[in-house]
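Numbering (the working numbering), first residue to last: 21 to 106.
Take these hints with a grain of salt, some might be off.
Keeping only pairs whose Cα atoms sit at most 16 Å apart, straight-line, the calculated EDC-like set for lysine to aspartate or glutamate is [unchecked claim]: (1) K22 to E89; (2) K62 to D84; (3) K35 to D78.
Label pairs and their computed distance ranges (CB to CB) [stated by the list, open to error]: (4) A51 to S98: 26 to 34 Å; (5) I37 to D96: 29 to 37 Å; (6) M65 to M21: 17 to 25 Å.
Quick caveat, the hints were computed from the structure, so don't treat them as lab data.
Backbone N, C-alpha and C fix where the C-beta goes; we use that ideal spot for every residue, glycine too.
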Amino acid sequence: MKTLAQIITEQREQKQISQTQLATLSGINQAHISRIESGKSKPTMPTVFRICKALDIDPLILADVLAQEFRTFMRDNSSTRSEASV
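Model the full structure from these sequences, guided by the hints.
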């Protein structure tokens, strides 16, 4: 399964839009776009919607991927939370 970062990057590149252009179209700082695409930052849902609007893609595509990444994160970190509460 592709990551949110990979899908955003692929969609942007398919439309031949630079990160700077995406930043302008979405109203999101270019540095933040870069962090999202590199996987260093997870966007909020409003940010996902702004990126989708700028790229003219269905937000459900990215929202589903973001939800899956969140579930994976929660599953992978559940033992850490359990140990911290002991």
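Evaluated hints:
1. K22 to E89: 10 Å, holds
2. K62 to D84: With a Cα-Cα distance of about 14 Å, the restraint between K62 and D84 holds, given a limit of 16 Å.
3. K35 to D78: Roughly 14 Å separates the two Cα atoms, so the pair holds.
4. A51 to S98: 26 to 34 Å: Given range 26 to 34 Å: holds, Cβ gap about 32 Å.
5. I37 to D96: 29 to 37 Å: Since I37 and D96 have Cβ atoms about 33 Å apart, the given range 29 to 37 Å holds.
6. M65 to M21: 17 to 25 Å: 19 Å, holds
Checked against the numbered hints above, the structure breaks none of them.
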